[in-house]
Structures are given as structure tokens and as C-alpha cells.
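Under UniProt numbering, residues 1 to 108 are what the sequence shown spells out, in order.
Think of the hints as simulated: they come from the structure by calculation, not from any bench.
Predicted model only: the values in this text are computed from it and were never measured.
You may find that some hints are simply not true.
Said to hold, decoys possible - What follows is a set of in silico ranges between Cβ atoms, one per label pair, in the way DEER data are often shown: (1) Tyr44 with Arg90: 16 to 22 Å; (2) Cys50 with Ser93: 31 to 37 Å; (3) Gln33 with Leu71: 26 to 32 Å.
Note that beta-carbon positions come from the ideal geometry of N, C-alpha and C, so glycine has one too.
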Amino acid sequence: MRMPSIRYIGFRPPEAPLTEEPAMSTLRRVARQNQRMLMKTGSYYLVHICVAAMVAYAVTGNLWASLTLSLLEPTVQAVAFFFHEKAWSRAGSADPTPAVADAQPAAA
Numbered sequence: 001m002r003m004p005s006i007r008y009i010g011f012r013p014p015e016a017p018l019t020e021e022p023a024m025s026t027l028r029r030v031a032r033q034n035q036r037m038l039m040k041t042g043s044y045y046l047v048h049i050c051v052a053a054m055v056a057y058a059v060t061g062n063l064w065a066s067l068t069l070s071l072l073e074p075t076v077q078a079v080a081f082f083f084h085e086k087a088w089s090r091a092g093s094a095d096p097t098p099a100v101a102d103a104q105p106a107a108a
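Using the sequences and the hints, build the whole thing.
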């Protein structure tokens with residue numbers, strides 16, 4: 001049985017070959033490249049579930065409703081957190097403009 005593959009199609013130089021990479025290889029590569037961030041996301045997810053379960057139970061008084069809410073909302077938040085961290089990581093690696101030189105105290 002042939003593994004499904006991801007074909008990268010988009011802007012590329014005409015001489016560059018079109019590459020195919022098996023889907024699991026892509027997932028493993030992405031996981032390796034983002035291991036620390038994924039671990040941080042996972043720990044944040046567990047803490048968020050616990051807090052959300054306690055708050056939802058305090059508000060509803062219903063165990064099933066609190067468990068449902070505590071699993072749904074943090075799951076969405078964990079995915080959003082991962083992409084939020086990726087954006088901040090990229091923003092941090094950009095060349096910052098030297099704002100300190102522009103901020104000189106005004107003479108009185």
C-alpha cells in the first residue's frame with residue numbers, strides 16, 4: 001500500500017524539481033523542528049483543562065457540563081497558542097529597529 005504524499009505546488013524556479021514527501025515524514029519533521037514549542041503547548045493545555053474544569057464546575061454545578069467545557073475550550077486554545085507562539089517566534093527573529101537611539105531625553 002502506497003503512503004499518501006504531500007505535493008508541494010507553488011512558486012518555484014523552473015529548474016527546481018517538484019518534490020513529494022510522505023505525510024508521516026512531514027509530520028515527524030514538523031514535530032522535531034517544533035519539539036520545545038509543542039511540549040510547552042501540551043503543558044499549557046493540561047493546566048488550562050484543570051483550571052477550566054474547576055471554573056466550569058463552580059459556575060454550572062454540573063460535572064458533565066464542566067468536563068465538556070473544560071475539554072472543548074482548551075483544545076481550541078492550545079491550537080491557537082501554538083500558532084501564536086510561531087508568530088511571536090518569527091517576529092522575534094526579525095531584525096529589530098534601533099528605537100533606543102531615537103528616544104533621547106528632551107532638554108528642559
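With 16 to 22 Å as the target window, see if tyrosine 44 and arginine 90 comply at their CB atoms. holds, 19 Å
Range first: 26 to 32 Å. Now tell me if the beta carbons of glutamine 33 and leucine 71 are that far apart. Holds, since glutamine 33 and leucine 71 (Cβ atoms, about 28 Å apart) stay within the stated range.
Just tell me: holds or violated, for the beta carbon distance of cysteine 50 and serine 93 against 31 to 37 Å? holds, 33 Å
Hint compliance for this structure: no hint is broken.
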